[in-house]
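**Q** Chain by chain, the residues:
2 protein chains.
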Amino acid sequence: MAIKDAAEEVEPLLVDHHSIDLRRAASNSTSQLALIGSSVSPIESLDFEIFENELLSQDWRARGGRAQIYQYVLLKWTLCFLVGLFSGCVGFFNNIAIENIAGVKFVVTSNMMLANKYMWAFGVFAVSNLMLMMFAAVITAYIAPAAAGSGIPEVKAYLNGIDAPEIFSFRTLVVKIVGCIAAVSSSLHVGKAGPMLHTTACIASLLAHTGSHKYGLTWRWLRYFKNDRDRRDLVTCGAGAGIAAAFRAPIGGVLFVLESLSSRWRSALLWRAFFTTAVVAVVLRAFIDFCRSGKCGLFGKGGLIMFDVTADNVSYHLSDIPPVIILGVIGGILGSFYNFLLDKVLQIYTIIHEKNRAFKLLLAICGSIFTSCCLFGLPWLASCRPCPGGISEACPSIGRSGNFKKFQCAPDHYNDLASLFFNTNDDTVRNLYSAGTENAFNKYSILLFFVTSYFLGILSYGLVAPSGLFMPVILTGATYGRLIGMLMGSKSTLDHGLFAVLGSASLLSGSMRMTVSVCVILLELTNNLLLLPLVMLVVLISKTVADCFNLGIYEMLLRLKGFPFLQGHAEPYMRQLTVSDVVTGPLRVLNCVEKVGNIVHILETTGHNGFPVIGEPPFSQMQVLYGLILRSHLLVLLRKKYFLSSRFSARTNVFDQFSGDDFAKCVSDRHDGIGDIVLTAEEMEMFIDLHPFTNTSPYTVVETMSLAKAHMLFREVSLRHLLVIPKFPSSAPVVGILTRHDFMPQHVTNLHPFWMRGRNKLFQFRNSTVINMFRGLWL
Amino acid sequence: MAIKDAAEEVEPLLVDHHSIDLRRAASNSTSQLALIGSSVSPIESLDFEIFENELLSQDWRARGGRAQIYQYVLLKWTLCFLVGLFSGCVGFFNNIAIENIAGVKFVVTSNMMLANKYMWAFGVFAVSNLMLMMFAAVITAYIAPAAAGSGIPEVKAYLNGIDAPEIFSFRTLVVKIVGCIAAVSSSLHVGKAGPMLHTTACIASLLAHTGSHKYGLTWRWLRYFKNDRDRRDLVTCGAGAGIAAAFRAPIGGVLFVLESLSSRWRSALLWRAFFTTAVVAVVLRAFIDFCRSGKCGLFGKGGLIMFDVTADNVSYHLSDIPPVIILGVIGGILGSFYNFLLDKVLQIYTIIHEKNRAFKLLLAICGSIFTSCCLFGLPWLASCRPCPGGISEACPSIGRSGNFKKFQCAPDHYNDLASLFFNTNDDTVRNLYSAGTENAFNKYSILLFFVTSYFLGILSYGLVAPSGLFMPVILTGATYGRLIGMLMGSKSTLDHGLFAVLGSASLLSGSMRMTVSVCVILLELTNNLLLLPLVMLVVLISKTVADCFNLGIYEMLLRLKGFPFLQGHAEPYMRQLTVSDVVTGPLRVLNCVEKVGNIVHILETTGHNGFPVIGEPPFSQMQVLYGLILRSHLLVLLRKKYFLSSRFSARTNVFDQFSGDDFAKCVSDRHDGIGDIVLTAEEMEMFIDLHPFTNTSPYTVVETMSLAKAHMLFREVSLRHLLVIPKFPSSAPVVGILTRHDFMPQHVTNLHPFWMRGRNKLFQFRNSTVINMFRGLWL
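Which chain is which? The protein sequence lines are V and H, in order.
Quick note: to get our numbering, add 34 to the position in the first sequence (first position is 1).
Quick note: to get our numbering, add 34 to the position in the second sequence (first position is 1).
Take these hints with a grain of salt, some might be off.
Identical copies go unnamed one by one, so any copy, or any two together, can satisfy a pair.
What the hints assert, rightly or not - No more than 25 Å apart at the CA atoms, straight line, and that leaves these computed lysine to any residue pairs for SDA-like:
1. Lys-525 / Phe-324
2. Lys-675 / Thr-640
3. Lys-525 / Asp-323
4. Lys-329 / Val-138
5. Lys-525 / Phe-762
6. Lys-675 / Phe-583
7. Lys-151 / Trp-414
8. Lys-329 / Leu-564
9. Lys-675 / Ile-359
No lab work stands behind these hints, which were simulated from the structure alone.
Sequences are here, hints too, so could you generate the full structure?
**A** And the structure:
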């Protein structure tokens with residue numbers, strides 16, 4: 035039976051936002067081991083277990099009063115309210131800034147084109163884009179690298195219990211907001227929904243951390259919030275608020291978090307998340323009312339994207355099902371191919387990014403210039419079309435957004451490609467979703483825009499700037515849907531605007547593999563519930579098809595970043611392994627009364643976060659498992675020098691010296707190491723009585739339990755450590771510790787390569803095409 | 035340290051649908067103990083744990099092939115599809131039957147009134163109502179008592195792991211469908227949504243049970259479905275389909291299950307539930323298309339309730355917030371008072387129902403006659419109003435539903451109360467929700483209808499017939515909302531139809547304490563997403579206010595029925611108790627090789643469902659915990675007479691004699707007792723080797739663990755038994771077993787009455803008004 039230690043530092047390290055080196059490292063065990071003892075701060079797991087030791091029990095008893103509960107409840111809801119309020123404000127601010135910056139840019143360029151100064155127009159367009167992009171790239175690369183990308187995978191990992199460094203810092207928050215505004219305004223083909231979600235999750239985390247000493251904001255009430263569980267709940271609410279603010283979709287926001295982000299859910303949380311998004315909705319509503327009076331610059335009433343597909347008589351019949359099925363199938367294929375390409379591109383980008391920061395910036399510059407060329411150059415390929423008669427809209431629309439961009443055309447003509455390319459993404463989507471515009475676009479224009487948008491989206495995401503994936507996917511999907519609608523021609527009676535909505539749904543679900551939340555978000559965006567059955571159908575088909583080929587985009591990004599993400603289900607072969615098959619040695623244990631020197635040595639030589647404590651004679655009759663102690667608690671003890679002169683000294687009253695607050699987890703504590711603590715040689719010979727600080731009731735499993743069953747316990751109760759006890763009494767009362775790394779398929783297959791390949795047929799076709807689908811379906 | 039046995043038969047027994055005797059029994063421990071050994075079949079818990087013994091491991095290995103997984107996946111999705119299909123069909127059938135039966139009744143009566151035969155009209159109306167009601171009551175009382183009421187609490191209990199007898203039987207299904215049609219058609223003030231949910235959950239459960247021998251439908255593929263986990267998942271999907279079918283609200287259905295019913299949730303389930311409700315939506319859509327051609331009798335296009343509040347310009351501003359807040363506060367108070375009254379009325383009804391079945395029927399007769407009198411008599415109190423000019427609708431509307439009922443009025447006049455009372459509930463709600471009808475109703479008419487509807491709803495629910503609560507609450511709420519709108523007068527610019535929607539939301543959330551699902555269902559019903567922020571606001575306020583006073587309606591019904599429902603959170607005082615404080619003796623254990631006579635004796639004298647198996651010398655060095663064996667498995671062994679002649683006989687190859695299927699749980703097995711098994715005296719002296727049948731890795735906790743922490747494990751992993759092991763090695767390797775009953779607050783407070791009262795301040799104010807709210811809020 036293998037004895038093992040909690041090899042927690044055998045963790046992929048987060049070198050860079052798009053780092054994949056750890057994935058490579060994880061794929062062979064030698065390089066993985068080489069990471070042990072690395073000085074880079076490791077990704078920490080979070081503690082969601084109820085930690086029971088004498089000290090905290092005492093603390094809990096002391097605070098069991100009525101007033102404390104009121105405080106706690108009030109605080110919880112106040113924080114949710116604040117998260118909602120701030121999210122609403124940030125959402126509004128982001129939108130208004132982007133609309134105004136991008137708007138001014140487009141107005142200036144359009145005016146130059148009206149005066150036939152085409153080269154000047156291009157120059158201004160390209161240079162302003164480049165400047166904005168450079169600004170975003172520089173602050174991201176130099177101030178907060180963690181702010182790059184959408185941030186959704188990081189939030190998802192956090193909710194799973196993985197605490198990547200700097201993800202929720204104040205620096206990251208500021209860079210994310212400013213960088214996102216700059217990047218999106220620079221006409222880069224990226225969205226603002228993902229960064230918005232990260233921003234609001236960040237706000238939630240910072241609010242929950244206000245008790246931290248680091249920011250000098252300690253407030254007595256907040257001490258009840260110094261635990262990972264409440265923080266996770268608040269971050270969950272914050273993430274929902276982000277989607278609500280980005281899409282003005284409060285229900286969709288809650289569902290997105292529930293479906294795609296959250297690893298654990300309670301119905302009480304549903305209510306609180308819902309409250310948060312309701313606050314966001316009300317705040318946004320109030321701001322929009324305010325902007326109706328025209329005080330918000332170029333920001334109009336449609337400023338927060340909201341596409342009214344209000345063709346009152348959206349009607350469809352069973353005969354419309356076949357085109358919708360085709361749409362779903364192709365959407366699924368396109369979506370999974372999108373993920374495939376994105377994966378490859380990100381791997382290439384990572385190699386470039388790893389060289390040094392200048393390369394990152396160079397890549398961003400290339401991206402920006404290429405985008406500007408596409409957006410300005412491609413519309414010239416389209417021929418000018420005469421304005422249709424009998425429409426209420428101005429044609430060509432000058433100095434404002436609209437379906438009919440003049441671009442280089444003669445009066446009374448418009449350029450249909452320009453109204454797609456030379457516009458903000460929001461306006462383009464609005465144009466594509468608009469009903470009754472069957473003839474506004476040329477088939478080849480739509481095709482060209484679709485291809486460009488598809489690849490620009492893939493190329494733009496990995497650049498070093500805050501960038502979301504939602505908007506490019508919605509946009510590309512809408513174009514694809516309209517294209518299918520055009521190709522169907524008279525075979526379908528559905529409106530092309532409706533086709534565009536369905537196309538967005540199919541690509542979203544094909545790429546991100548969301549189902550319910552896509553439906554709800556699209557319904558909230560388009561304000562048309564009658565679409566629901568069609569959207570549902572297309573979403574289900576698209577996801578099923580896409581699942582045949584590869585993983586969803588977030589899972590893919592999580593793998594790329596090397597997070598030890600704990601899946602909701604165990605792999606089938608885990609039912610045939612016992613926990614003793616995966617625990618590997620050596621196990622480090624502490625005695626109930628342990629020598630300071632030993633503790634320091636163990637803390638210095640390992641990176642483990644938890645150690646079993648063994649009760650020995652004379653404290654108990656024989657060797658028994660007394661409990662589990664955390665590294666962070668040992669560090670507090672060493673720092674406070676709570677030492678005994680000999681093993682049998684009477685201990686002083688511990689409750690006078692410590693309060694529960696001393697052990698409450700703070701941000702600032704996280705990165706304090708053993709190195710900071712200075713101890714004399716004399717102190718090293720002293721002892722610590724660990725009794726009052728040990729969690730006396732850790733969850734345990736018997737060594738013969740199958741890995742799948744232990745996985746279920748580990749995941750459902752959100753554990754960080756799981757002790758393995760022997761089946762039959764033996765000399766050692768504990769066999770090993772399981773941490774989340776022991777459940778990683780990568781780790782298990784490294785330990786049992788032969789067994790896996792030979793015995794288990796399931797495993798053989800794990801990577802085959804078909805099983806991918808079934809893994810999704812059979813849960 | 036108390037040694038205890040799994041006192042599983044100390045369970046409230048389900049004597050009757052509305053039985054409260056067990057609640058009384060549970061409140062003092064002597065009468066509770068008196069129930070032990072009772073012959074009434076007990077409520078069983080369900081097994082959601084992965085059960086690991088040699089036999090099943092072997093079985094799992096054998097079926098690990100690719101084909102089996104395909105079968106399993108295909109089966110899972112096919113069953114979901116079938117549940118959706120059947121649910122859609124049943125939903126449509128129910129609606130069409132109710133519309134036609136009730137429609138014919140109203141048309142006949144109205145025609146008589148047109149001919150001035152008022153007494154005849156009342157006679158026909160009252161007698162037809164009475165006949166329908168009697169039919170519903172008789173089949174419910176004599177054929178399937180479990181079909182009475184809404185069935186939602188039973189489904190909720192099932193998803194929590196409580197398997198009440200006959201809840202999902204075929205008999206119950208048929209009675210529920212037929213009885214619901216009869217009861218709702220009889221103009222009783224009950225809804226059809228709750229019964230619909232029970233019906234579809236029943237369909238799901240029966241489909242998952244098709245493998246059962248009882249119905250002779252065993253099919254080899256279905257054996258993978260013979261476990262409680264897959265059944266629960268399918269029932270979850272079925273419940274969502276019910277709400278989807280009742281309200282044509284597929285997203286609302288999924289959310290309702292997620293928020294109000296389900297105790298456990300996985301994102302994979304979200305997808306499947308969503309698929310099921312999508313199928314329902316498509317099926318309903320197809321049927322409605324079919325009915326457009328007029329082939330469905332009186333069933334029109336609005337037949338499935340769907341209230342279009344399509345005032346295109348629903349606009350509201352911050353100034354509309356105060357009336358909405360008032361609406362929410364009063365709605366919360368009314369909702370909680372509704373629950374309070376319903377609780378009292380149900381208790382009285384229970385006392386009456388317990389006498390005998392004739393009393394049940396008598397009560398139903400009284401209810402029906404009283405309702406008929408109200409519906410026919412009260413409209414006479416209203417004065418006739420002249421028809422408004424310039425409306426497109428016919429006035430008075432004759433021979434069809436409409437806002438303007440002629441009733442007893444002169445031509446060109448209408449009776450506004452009659453259009454509320456003398457109508458199907460669906461039509462009344464449609465009238466109340468209609469926009470731009472500020473002057474159609476008199477203030478006092480609305481008030482009278484509100485009061486009548488409020489109390490009729492409370493009085494009607496407990497009658498012995500399938501009856502839902504949704505519709506009465508929606509209806510009463512809509513009236514209340516309109517009343518508030520009228521009282522506001524010119525102070526608010528909101529439409530009265532909108533006020534009605536908000537009123538429904540406030541009463542629904544005040545009574546049922548749903549949040550997100552109410553919002554979504556109302557949005558799907560009214561097809562107007564712009565209402566969202568207002569609905570959210572009103573729902574949140576209303577729930578918060580109502581939580582101050584009492585429990586939600588489903589929790590109240592669960593308590594009334596005496597189900598041992600396991601809450602999602604532990605009570606605060608549970609943190610201060612250890613598991614050893616609640617385990618009570620005596621513990622019955624089995625040896626690994628046990629004498630048949632002992633097993634029979636234990637099975638006869640206890641009702642426990644699980645027994646610890648102890649490994650003894652010579653099978654192990656010392657007494658160790660070998661595992662846990664289930665009563666049902668022991669019964670299989672006894673029935674198959676898998677006996678050894680002596681304790682040390684070599685065991686035959688068990689895998690030849692048994693397959694996993696023998697132990698798969700079947701409906702028919704559930705109620706087979708030990709009494710059916712005939713054993714000779716010789717056989718009683720033989721032995722059974724329990725090794726291959728024992729679950730060798732049951733979840734265990736150490737006796738010093740707090741009850742709250744054990745509760746979390748028990749609930750999150752959905753356990754049925756939790757073994758308690760000693761902290762320090764002692765003679766007994768197991769201290770006790772925890773079952774869900776040990777976590778019931780009732781049980782804990784019975785064991786520790788003094789401790790609770792004296793030491794724990796938290797507990798003292800558990801029942802106070804304010805803490806009720808906070809218990810809801812602080813989770």
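**Q** Would you mind marking each hint as holding or not holding in the structure?
**A** Hint check results:
no.	hint	result
1	Lys-525 / Phe-324	between (45 Å within a copy, 22 Å between copies)
2	Lys-675 / Thr-640	within (21 Å within a copy, 56 Å between copies)
3	Lys-525 / Asp-323	between (43 Å within a copy, 20 Å between copies)
4	Lys-329 / Val-138	within (15 Å within a copy, 59 Å between copies)
5	Lys-525 / Phe-762	neither (72 Å within a copy, 77 Å between copies)
6	Lys-675 / Phe-583	neither (57 Å within a copy, 51 Å between copies)
7	Lys-151 / Trp-414	within (15 Å within a copy, 80 Å between copies)
8	Lys-329 / Leu-564	between (35 Å within a copy, 23 Å between copies)
9	Lys-675 / Ile-359	neither (69 Å within a copy, 56 Å between copies)
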